[in-house]
Amino acid sequence: MSAQAPCPETPECSPSGMHDLAQRLFPICRSITGDGVRQTIRILQEYLPMLRMVEVPTGTQCFDWQVPEEWNISEAQLIAPNGRVIADFAVNNLHVVSYSEPVDLELSLEELQPHLHSEPNLPEAIPYITAYYKRNWGFCITHQVRQNLPQGQYRAIIRSTLKKGHLTYGELIIPGSTDREVLLSTYICHPSLANNEISGPVVTTFLARYLQALPDRRCTYRIIFIPETIGAIVYLSQHLEHLKSHVIAGFVLSCVGDDRAYSYLESRLGNTLADKVAQHVLKHLQPDYVRYSYLKRGSDERQFCWPGVDLPVCSVMRTRYGSYPEYHTSLDDLTVVTESGLQGALHVLRHCMDCLEQTLTYTTTVLCEPQLMRRQLYPTIGRKGIAAGSRVLVDIMAYSDGQHDLIDIANILGRPAWELFQAFETLHAHQLLSLPEAPPPTLAAA
Amino acid sequence: MSAQAPCPETPECSPSGMHDLAQRLFPICRSITGDGVRQTIRILQEYLPMLRMVEVPTGTQCFDWQVPEEWNISEAQLIAPNGRVIADFAVNNLHVVSYSEPVDLELSLEELQPHLHSEPNLPEAIPYITAYYKRNWGFCITHQVRQNLPQGQYRAIIRSTLKKGHLTYGELIIPGSTDREVLLSTYICHPSLANNEISGPVVTTFLARYLQALPDRRCTYRIIFIPETIGAIVYLSQHLEHLKSHVIAGFVLSCVGDDRAYSYLESRLGNTLADKVAQHVLKHLQPDYVRYSYLKRGSDERQFCWPGVDLPVCSVMRTRYGSYPEYHTSLDDLTVVTESGLQGALHVLRHCMDCLEQTLTYTTTVLCEPQLMRRQLYPTIGRKGIAAGSRVLVDIMAYSDGQHDLIDIANILGRPAWELFQAFETLHAHQLLSLPEAPPPTLAAA
Amino acid sequence: MSAQAPCPETPECSPSGMHDLAQRLFPICRSITGDGVRQTIRILQEYLPMLRMVEVPTGTQCFDWQVPEEWNISEAQLIAPNGRVIADFAVNNLHVVSYSEPVDLELSLEELQPHLHSEPNLPEAIPYITAYYKRNWGFCITHQVRQNLPQGQYRAIIRSTLKKGHLTYGELIIPGSTDREVLLSTYICHPSLANNEISGPVVTTFLARYLQALPDRRCTYRIIFIPETIGAIVYLSQHLEHLKSHVIAGFVLSCVGDDRAYSYLESRLGNTLADKVAQHVLKHLQPDYVRYSYLKRGSDERQFCWPGVDLPVCSVMRTRYGSYPEYHTSLDDLTVVTESGLQGALHVLRHCMDCLEQTLTYTTTVLCEPQLMRRQLYPTIGRKGIAAGSRVLVDIMAYSDGQHDLIDIANILGRPAWELFQAFETLHAHQLLSLPEAPPPTLAAA
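Residue numbers (my numbering), protein chains in the order written: chain G, 564 to 1009; chain R, 564 to 1009; chain P, 564 to 1009.
Keep in mind that a hint or two might mislead.
Which copy is meant is left open, because identical chains are indistinguishable; a pair holds if it fits in one copy or across any two.
Claimed, not checked - Below, simulated EDC-like cross-link-like pairs (lysine to aspartate or glutamate); rule was C-alpha separation at most 20 Å, straight line:
hint, residue 1, residue 2
1, Lys859, Asp971
2, Lys947, Glu889
3, Lys947, Glu687
4, Lys726, Asp667
5, Lys859, Asp958
6, Lys859, Asp964
7, Lys947, Asp896
8, Lys807, Asp964
9, Lys807, Glu744
10, Lys807, Asp873
11, Lys947, Asp958
To be clear, the hints were calculated from the coordinates, so they are not data collected in a lab.
This is chain G alone, in the form it adopts within the complex (with noise of 0.2 Å):
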């Protein structure tokens, strides 16, 4: 990668174009299994055509957990005594619990109360609710229409179909020049919804552009679009150990698309080199970032990070799931989410990749400070001190102890990590830096 340019705006990383991503994939019915998520994964090919889709048979051991019954869903109607109909699949693809068994049955309001869901706090959203694993029904409906259903026979009609069948999500290998690998992962298993959803492929998929578009990488980017819990933890079990072995950084990418906030969720001890990078990037950018222990982690952290995964994998977020009253609701729409909200997100994401591109640990190769003005690196003339211009070339030698990476140096140096970029290839291009850990193998040959 160039340090020189670290974020090309180059056409295909423009961020131009989110919006209209997450307008075509909003409307699908997605859950964490089923038609849904291979018809997102099918468009996010279009962006992405080396995204591999891959599928998990029904009944796959993975850990704890077993790959449950796909399901899938054409209709779903909830009729009133009157005939008017009071939630439609067709027309919210809310108004119908996820994983909802099939049923067609006449029952009175009394019976059908237990299958109904609404959202007291906000009487005019619809809530989204799931039954994954234990075979059950519903519909979702505004806490206003609910409160005026009226007395008599309802029908309900479900035409879904929980059977074998598989899990699927989508994997994208990006190479770099060693086999250090940074982990990205979003979540497809929402229906529509919003931030809390679409945001999080989007941004991924942009950001996969960009990394895509480098000249060079030193990192190889494992990019991941899977269903929420269950697809991590089946990803894990079938990934665990080359995981284990390869992967220096991660994130998890989720609510990313609305223009409130900025905040990070840290992992699990909050010491990962994800972490440090998250941290130094949020200071510089948006200082004012909210940041989250991991306590109130909600989203696939909750794998990477688990005792024994221990995934280096932290949260960067726009405002995070819990902490906006549309969340988990039909309020959570692409009103929420923005094309700024999204750049901002990608902005901060993308600088993210570029100081784990360049954040690797130096050693000087010179014992004392070197003569920099035979190198034309110092003025010829001395006057007070070391000069101005060459003073962050000698801090960062003189930090380069093989101890503190980049971005300890540049946390040192109370600057952000790409202003120095310039600074250690111009020191490495001179041999008066070297990477003095044994490379992993790849990077000996890069």
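Starting from the structure of chain G, add chains R and P where the hints point.
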């Protein structure tokens, strides 16, 4: 121990009656040796039949010290020229300097003065003075009396003996299912002093009864009633290797009877399990407690924490020795010590014992979050994030990485440990947590 | 060294006379090589007869550098068209750019300008300018003069030589009973500059005399008077392995003569014994001292702390280079440096030396508190807690666990180390403390 009822208020361990015991013990003239110590232990044996009385002969070498001659006293009087009895051992045993040699002398006021002790700042108090290791004698009187002593010939009579005998201490071992030991140490060497003496053995006795009444115990409790300093040195010299290899935590019980404050005096480096437990319990039960550095030490933590001894011992107190005006004078009487003062200390110390019983370092047995629904530990309908009722279970597992013990996890979660005992038990019962570290032999058998 | 008198004010080390020495050294035209350095060392030899002058030939390779040609200068004048002498080396040696090549030229004002240096912000000051490593020449004048220079032909005469010769430095080894070395480094390469040159060798000289006068020494002192930067690099390149295996602490002495502030510039990582001692001494003697990060470095700690060199070196200064307006101009003269300014620095540095002499890591020899009474270290009558006069003895032993050195213990006790020297000596004399770590060979013989 049942996690459901960490602090049962059963008759066996009811704190009522603590002040009654204090009243029985208060009048006895104790010193670092002698019959007062034996008499005290015999009364405690009524409450703790398994308490063993141990005699160590005069002259026994214990590290840098030797067990001194045994001191006993039957009567003592200081009589003024006019025949008035200025100080009478029968009235208050503080009137005689502890370890005074026998005398029967006539002497002038001027000759007497070096043998008189009073406290100008507390003119109505008789000070507590000792002269254990160099033959001497003396009387302690109020400063008021001292200032009005007439000239003339005084008679000083002390009927005491100083001869080969024994140092006496009490020891009670309450066995648990493991040989992880908790050391409780209190002293029985002061004459009629209440907070800075009697409160210690009284609370220790009732705490021992609480521990004996537990339906089962993981820890073994080693409870010693010793003369301060020389008793601790004797005990350590005879048990050091055992203690160093078994004691996981210990507490010195002193000044645990007044009702004015709670305090904690840290171990030498402040970093032991005893410190962690004491800090945790006090933070939740008595957040205004006073914390003292080891520089403020004054009881047997002086010996227990000595370099090379290095037992994990701290002190939990009500008002610390030296921090209340009556300390080491006749004003430290049974009005300073109250039933509620004793109860408060017992309450805190029982929670410390409960924490020590429960504090183990667990490891999750499952990679990634386990499927809690099929264990009826998670709701089958999903709404927003981790279900609230299950959150504590998941959080406990998330930090059960073999590095954080139960108290660490309670601290991370910001909750009192005892609110988590049940959850740990539940997870252990479901085999979702295990005890990864090789347990001590007897623990494996338990 | 006698603990009773850590800072004897004997004639040998009396600070009076420091300003006299400064006045002798001030007028000499020093540079990084040349006769000015030799002349300076010869004067210092009057005070330190064992000071050895060392010559290193031009062309000697030292890490990334080579010893440059030797520069000497006899006279220089810049003469205006009207015959007026604008700048005369005989009047102020700052008028000539250090290392100016010989010239004898007539040139117009326009041609002259690139060779003129002045300081617009200090219009009455002659700036100090160097051009060591690329042939050049120039004159330094006040900005006032420069602004009034008439048009016309100027004559520039510099009678200098640049040819093969030597770099000269001074070295004094003051042996102690062990080979634990303390490095003191100061520079002698600036012409007539007072605080940022002369103060360093003057205070170093008097500090060396103080050390020589000590009745005995545990440490060996290596004291070097070197040209800044190239001198340090030369010295390190020839002594690195010895220094790395022997130096326990070191100080760069620079800017130690004014009377405005005390300051401390930490070593690269701020965690060496030198840092610990400097912080301790300044905290107690000059609590308002200014602390600078290594990022503010500007003298030979640049070389001593370089990665791979990593000597434990920091700086204790009065007002730091770059932090006072006169720095590197003719205004940094002997009015900036005062006798009391020099004395204050010497006072602080002597305490640092005293601490280094005394700072060892002891271990208590006795398990549990020793019996101090029979050693006459404790009163025989006991009153409240540990007797006040003996408390410091007991506290010292309580932390003498082989992990805390004397300064650590002084910090724990909140007292200046020198107030504890006597107590450590007493305990050592009573064999209550020992030095557990295998001492260096010569220490064992001492």
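Right, here's what the structure says about each hint:
{"no.": "1", "hint": "Lys859 / Asp971", "verdict": "between (27 Å within a copy, 18 Å between copies)"}
{"no.": "2", "hint": "Lys947 / Glu889", "verdict": "between (59 Å within a copy, 11 Å between copies)"}
{"no.": "3", "hint": "Lys947 / Glu687", "verdict": "between (69 Å within a copy, 18 Å between copies)"}
{"no.": "4", "hint": "Lys726 / Asp667", "verdict": "within (18 Å within a copy, 100 Å between copies)"}
{"no.": "5", "hint": "Lys859 / Asp958", "verdict": "between (38 Å within a copy, 10 Å between copies)"}
{"no.": "6", "hint": "Lys859 / Asp964", "verdict": "between (37 Å within a copy, 18 Å between copies)"}
{"no.": "7", "hint": "Lys947 / Asp896", "verdict": "between (60 Å within a copy, 17 Å between copies)"}
{"no.": "8", "hint": "Lys807 / Asp964", "verdict": "between (27 Å within a copy, 16 Å between copies)"}
{"no.": "9", "hint": "Lys807 / Glu744", "verdict": "within (10 Å within a copy, 39 Å between copies)"}
{"no.": "10", "hint": "Lys807 / Asp873", "verdict": "within (8 Å within a copy, 35 Å between copies)"}
{"no.": "11", "hint": "Lys947 / Asp958", "verdict": "within (16 Å within a copy, 49 Å between copies)"}
Hint check: no violations occur; every hint is consistent with the structure.
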